[in-house]
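Trainee: Next come the chains, spelled out residue by residue.
Protein chains: 2
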Amino acid sequence: MKENLYLIKIGGNVVDRESIQQTFLHDFAALPGHKMLVHGGGKLADALAHQLGIPQQMVDGRRITDADTLRVVTMVYAGWINKSLVAALNARGMLTLGLSGTDAQLIPAVKRPVGAIDYGFVGNVLEEAVNTDFLVRILEQHIVPVIAPISADASGQLLNINADTIARTLAIALAGQYRVQLVYCFDQPGVLTDVSRPETRIARLDRAQYGQLRAGGSIHSGMIPKLDNAFGAMDRGVDRVLLGRAEELATLIVGAAGTTLC
Amino acid sequence: MKENLYLIKIGGNVVDRESIQQTFLHDFAALPGHKMLVHGGGKLADALAHQLGIPQQMVDGRRITDADTLRVVTMVYAGWINKSLVAALNARGMLTLGLSGTDAQLIPAVKRPVGAIDYGFVGNVLEEAVNTDFLVRILEQHIVPVIAPISADASGQLLNINADTIARTLAIALAGQYRVQLVYCFDQPGVLTDVSRPETRIARLDRAQYGQLRAGGSIHSGMIPKLDNAFGAMDRGVDRVLLGRAEELATLIVGAAGTTLC
Numbered sequence: 001m002k003e004n005l006y007l008i009k010i011g012g013n014v015v016d017r018e019s020i021q022q023t024f025l026h027d028f029a030a031l032p033g034h035k036m037l038v039h040g041g042g043k044l045a046d047a048l049a050h051q052l053g054i055p056q057q058m059v060d061g062r063r064i065t066d067a068d069t070l071r072v073v074t075m076v077y078a079g080w081i082n083k084s085l086v087a088a089l090n091a092r093g094m095l096t097l098g099l100s101g102t103d104a105q106l107i108p109a110v111k112r113p114v115g116a117i118d119y120g121f122v123g124n125v126l127e128e129a130v131n132t133d134f135l136v137r138i139l140e141q142h143i144v145p146v147i148a149p150i151s152a153d154a155s156g157q158l159l160n161i162n163a164d165t166i167a168r169t170l171a172i173a174l175a176g177q178y179r180v181q182l183v184y185c186f187d188q189p190g191v192l193t194d195v196s197r198p199e200t201r202i203a204r205l206d207r208a209q210y211g212q213l214r215a216g217g218s219i220h221s222g223m224i225p226k227l228d229n230a231f232g233a234m235d236r237g238v239d240r241v242l243l244g245r246a247e248e249l250a251t252l253i254v255g256a257a258g259t260t261l262c
Numbered sequence: 001m002k003e004n005l006y007l008i009k010i011g012g013n014v015v016d017r018e019s020i021q022q023t024f025l026h027d028f029a030a031l032p033g034h035k036m037l038v039h040g041g042g043k044l045a046d047a048l049a050h051q052l053g054i055p056q057q058m059v060d061g062r063r064i065t066d067a068d069t070l071r072v073v074t075m076v077y078a079g080w081i082n083k084s085l086v087a088a089l090n091a092r093g094m095l096t097l098g099l100s101g102t103d104a105q106l107i108p109a110v111k112r113p114v115g116a117i118d119y120g121f122v123g124n125v126l127e128e129a130v131n132t133d134f135l136v137r138i139l140e141q142h143i144v145p146v147i148a149p150i151s152a153d154a155s156g157q158l159l160n161i162n163a164d165t166i167a168r169t170l171a172i173a174l175a176g177q178y179r180v181q182l183v184y185c186f187d188q189p190g191v192l193t194d195v196s197r198p199e200t201r202i203a204r205l206d207r208a209q210y211g212q213l214r215a216g217g218s219i220h221s222g223m224i225p226k227l228d229n230a231f232g233a234m235d236r237g238v239d240r241v242l243l244g245r246a247e248e249l250a251t252l253i254v255g256a257a258g259t260t261l262c
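From first to last, the protein sequence lines are chains A and B. Residue 157 in our numbering sits at position 157 of the first sequence; the count goes up by one each step and never skips. Residue 252 in our numbering sits at position 252 of the second sequence; the count goes up by one each step and never skips.
Think of the hints as simulated: they come from the structure by calculation, not from any bench. Just so you know, not all the hints are guaranteed correct.
Stated by the list, open to error - Sample of chain B residues facing chain A (criterion: CB under 10 Å; computed from the structure):
hint, residue
1, L31
2, P32
3, A91
4, S155
5, Q209
6, G211
7, R214
8, S218
9, H220
Bear in mind that the values here come from a model prediction, so they are computed numbers and not experimental data. Note that beta-carbon positions come from the ideal geometry of N, C-alpha and C, so glycine has one too.
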């Protein structure tokens with residue numbers, strides 16, 4: 001029987017907003033057994049880029065990453081947010097380890113090929129090259145990995161990686177070893193049929209229902225890649241995927257908040 | 001018989017100056033056996049602070065670290081410099097792991113008490129609390145730690161730590177397990193009796209000679225704490241201490257450049 005592993009993905013707002021941070025860190029520290037955290041940090045990166053006068057351009061929710069922007073996201077994600085989370089979790093009695101995708105060659109990547117859009121220093125992960133052995137050795141020491149969405153290619157070029165993709169990639173890579181519970185935290189109380197009305201939250205969503213809601217236009221734009229990725233992870237061995245608010249983690253994981261995919 | 005461990009401390013100039021970086025990374029990658037790297041990054045931190053309009057104040061070579069400066073040094077040291085080094089070394093065929101002092105509670109610290117000077121968010125390391133077991137497990141996997149001079153206290157407050165002190169602390173902590181070769185790289189070809197003349201380099205320096213040169217004023221200011229620390233490390237089990245230029249690492253370690261303490 002495999003052991004449980006909670007793999008939680010949060011946005012940068014957890015670090016930026018004190019009230020959410022305290023609730024989330026408390027709930028995360030209380031999760032039993034193996035766990036790990038993947039974080040983003042787009043809003044803090046936007047703020048630093050603005051302060052430095054580096055214009056930012058987003059295409060389909062992805063950041064066009066020139067050399068100056070790469071430096072900004074590496075500093076913000078792997079520096080400020082990662083170390084702030086590690087220190088805050090350690091203070092709650094955990095032993096956490098901050099990592100990026102290039103540390104211990106955890107998540108090797110390649111620069112995204114230039115197609116219709118040149119994303120710059122943005123990486124595609126090499127799923128088959130994930131250093132699962134290293135992560136398992138860390139987890140078996142009851143150390144909690146905290147992962148920033150930065151990696152590098154084989155030439156040593158740092159690359160900006162989508163944090164949802166990192167969470168999904170690691171969840172799949174670890175599914176052979178653990179019963180992986182993948183939790184995507186975002187700024188809505190779950191998947192909604194009407195984004196303006198929180199009471200339209202779908203508690204349990206299966207593929208058939210997802211297909212219908214998508215065809216009918218109730219689920220659209222940014223939720224589609226998120227849900228496609230999430231169902232895809234379940235196809236590849238991830239035990240369960242949950243979506244909801246970081247500050248509701250404790251109720252999320254028992255299925256009393258957010259959306260559980262099934 | 002203990003195995004050898006090279007513990008190399010470099011300044012931020014190694015990352016900032018391409019010519020030094022290539023030579024140093026080549027030589028570091030070629031070092032046989034266990035090795036680790038501790039880096040600073042003061043000049044890049046100065047540059048970012050200047051860009052952001054955050055005034056910097058140094059007292060006896062130590063940075064007064066207010067909240068804004070703490071964010072700058074955490075981003076620059078643990079973010080940009082640390083991940084750039086990790087990616088560049090991985091590209092040379094090594095398996096490196098970037099760490100700060102708060103990761104895996106490697107180097108617990110306390111905020112420096114306010115005395116005549118309030119250094120702000122600057123930490124004193126708790127030598128007896130170093131997580132040596134974690135480091136040894138990493139080194140025994142032939143993974144190379146790359147360490148940024150940032151840590152945290154028990155409350156989760158991030159702290160700015162002197163990189164020379166981190167190198168010395170880890171060298172002493174690991175001296176029970178390894179024959180530690182501690183190499184301090186700086187911007188001179190070694191200890192000089194006249195800092196304006198590189199040809200006055202002292203190839204081998206013992207305590208008696210150090211005492212004389214210090215009393216005579218030939219060794220002064222920033223070199224005194226550096227050498228006091230270095231001889232102190234040898235008193236506490238470190239096998240050998242070398243000082244010299246990062247771009248001369250290959251000749252340094254065979255004693256053909258720099259200064260060897262004895």
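Trainee: Hint validation: B/S155 versus chain A, beta carbon distance must be below 10 Å. Holds or violated?
Mentor: With a closest approach of 5 Å, the B/S155 hint holds.
Trainee: Would you settle whether the hint for B/S218 is holds or violated, based on the nearest Cβ-Cβ distance to chain A being less than 10 Å?
Mentor: Not OK, violated: B/S218 not within 10 Å of chain A, min 40 Å.
Trainee: Measuring from the C-beta of B/L31 to each C-beta in chain A, is the shortest one below 10 Å?
Mentor: violated, 18 Å
Trainee: Against chain A, with CB atoms and a cut of 10 Å, does the hint on B/P32 hold up?
Mentor: violated, 21 Å
Trainee: Given B/Q209 as an interface hint, is its Cβ closer than 10 Å to any Cβ of chain A?
Mentor: It is violated, given that the least Cβ distance between B/Q209 and chain A is near 42 Å, above 10 Å.
Trainee: Taking the closest Cβ pair, is B/R214 under 10 Å from chain A?
Mentor: For B/R214, the interface hint is violated, since the closest Cβ of chain A sits about 38 Å away, which is over 10 Å.
Trainee: Against chain A, is B/A91 within 10 Å by beta-carbon distance?
Mentor: Holds - the Cβ of B/A91 comes within 10 Å of chain A, reaching about 3 Å at its closest.
Trainee: Does B/H220 pass the interface check with chain A, least Cβ-Cβ distance below 10 Å?
Mentor: violated, 35 Å
Trainee: Would the stated hint for B/G211 survive a check requiring a Cβ distance to chain A of less than 10 Å?
Mentor: Since the shortest Cβ distance to chain A is 41 Å, the answer is violated.
The structure fails hints 1, 2, 5, 6, 7, 8, 9 (numbered hints given earlier, in ascending order).
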